[in-house]
Structure formats: C-alpha cells, structure tokens
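A.B. asks: In the numbering used here, the protein residues as written are 1 to 376.
Treat the hints as calculated values from the structure; they're not laboratory data.
Simulated pairs of lysine-lysine, DSS-like, Cα-Cα distance not exceeding 27 Å:
#, residue 1, residue 2
1, K214, K266
2, K98, K142
3, K248, K215
4, K150, K166
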Amino acid sequence: PDTQQVALPLREKAAKQHYSIGDVQLFLKLVLEGGCGLRTVSRVLSVIGEFLGLPTDVASWYSGRLWLMRVGYYKLTAPKIQAEDWIWIVDFSIQLGKEKCLVILGIRQSDMPPVGQALRHEDMEAITVEPVKQANGDIVWKKLEEAVGKTGVPRAIVSDRGTDLKAGIEQFCQTHQKTAMLYDIKHKIALMLKRYLEKDERWSQFVDYAHRLKKQLQQTDYGYLAPPALRAKARYMNLEGRIAWAQKALTLLDSATEEKELLEEKLGELENHQQPVEKWAEMLKVATTTEYFVSTKALSPDLPVELALHFKELPRLEFPETRRFRHELIKFIRTQAFQCRPGERLPGSSEVLESVFGKQKKGVTRPPRRLSNQWY
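Between the sequences and the hints, there should be enough to build the whole structure, so can you do that?
C.D. replies: What follows is the structure in structure tokens.
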C-alpha cells in the first residue's frame, strides 16, 4: 500500500502536459544523473518499452530538451536566501556567435563540502547567466551589483582575473569592502609556469623537438610513440600529458630490450632533454599538489602551514628552480588565506565553473548533425 501511494503521484499528468510526472522525472534523471544524451534517452526508453510490452508513447528528445530548459530556468530564477555568507564564482563562457555569457555560480559557506572534498556541480546555485555582446569592467561591475539583489553582498568572489573580470570585481570590492577578491589557483599556477618556462631555453628546444617528432611519426606505424599536442590556448594549464609522455618514453628507452635500435632511432634525441624533463616533472608535482590542497581543503588561515608541512614530508626537491617555485606558491597561498577570518573556509578554485564551460565547448564545437553524418 505504501509503495502504491508513492507511485500514484508519478502516474499523474502535470498541468497541460501529455506525459506523466514519472515520465518527465525518469527522462530528466537519465540525462542529469545518468549522463545520457537527449536522443539516447528517447531511444533507450522506447526500446525498453517495446521489450517489456509497455506502451511505447515515449517523449522525443525535443520534449526532453524543453523540460530540461524549464528546470534550468526555474533553478536560475527561483528566489535565493539573502545571507552574508554567499561566495560567488564568476567567469565568462566561450563565445556563442556574437555573444558570450557572464556566469555567476554561488554557494553559501554553511553549505561548503567537508574538508577533503572539492566543490561539485550539485553544490552550486546558479545566480546569473547574462548574455553580453561586449565585455568590460563596467559591465561586469553592473552585473555584480544586480546579483546583490538576489543573494545579498557576497563574502568572497573567485575568478581567473581576466582583464575585464578583474576590473569589474575590483570596482565592486571598492564599494563592498568586506568582500574578498580571490584568484583561481589553477590560473595562477599556469601564469607562474608560463613565466618560468618561457625564460627556459631548454623548454623552447624541447617544444620544438616534440613538434618535429609528432610530424615525423603521425600517420606512420609508430604514431603511438608521438607526443600529445599542446593546446593552442591555455597550454600552460595542460602540460601534464606532454611531460608524462617524455617520462614514459625515457623509461622505455632505458629499459627496452626488444626493438632497442628502433626506439633509439625514433626517440633517441629525447635523451638530450632528460635532466630538464625531470625538473619540469618535479615542478608539475609541486603545482598539482598545491592545486589539490586548495581544491579539496579550501582556503583557510591554517592552509599555508599545512601545505608547507606537507611539502617537508615529501622527498627533497632536487632543483633550485623547483624550490623557488614552491616558495612562491606558498607565499601566494599565504596572501590568499590572509583574507580568511579565523575558522573560515573559502574556495580558492573556479574549476567547478570551468568544467561546465568545457562541456559547453564540446557541444558547441560539434559539427551540425547533417554535416557530421556526411563527414563521417
């Protein structure tokens, strides 16, 4: 009886809807929690219905998209609790035609995940998704002021400090001096790596070598040995693949017994870069450790000390440049944590928003369905 009472409302149809509440809920759950595409959900439900001998009146992908947009619109426009402990994460989306969106996600300090867990999409509230045709500091400032009406003045704002965002947030913080302006750790690390590596002549030589090697090996039987490409944009945020390839290739050269001569022929020049590769790998280890600490523990008055103690427990860094890099990172974390009140935790990463834009970019850059069918 209890099960029937729970199931009955799911069979009811919402106002002006052809499908039941349960139909809508199942469709959206498969999309949001199952990670299935809209067309996939429609086809899967149709196949299951036919297999079980159930009515096959299944919603189309287009109906599912409308439901999804309505849920999103509700989440965006639903009244938010006015409080002083909101933290905003702010960034611009990628370009969508002639426009892009200023996006503000929020979370209250009372809803922060426990220490050891990074922010997840489901932890966040959508505060603002505002299309803009041009972006400058004044526009960012105006949109931030408008968002105050939804949540109250935030305790902190996290961003990547792009030129327009930085100008707008600084202007906002001049008016609201209790709001802390925080710098996303991943972008800060990328900027520091760029400064170090662009001065390193060995890095330029390594990049040139890897580029030549990739061109030589691609579309040959040995294409699997080719290094991964660096991104055209934000390349200093994604160096791990290139360095990991170099380490693996050097290990293979050192330990291979079969096809030793072939490997020497294809990859032998890489041995000239062995010491710098070790240095860069060490530098990346420091970077990823710091990023992990900030993402999972959040900024707090105690974080700089915790991070410094953690580094002391690790094997001694071999290279002076890496030790200097670590010192600068801890110094940066200290300046960020200085903005935290005693006992307070504030996010130091905007990765939860950046990952949304990654999904958006994947969808936007996919060719139109008609064209992709011809291409593939």
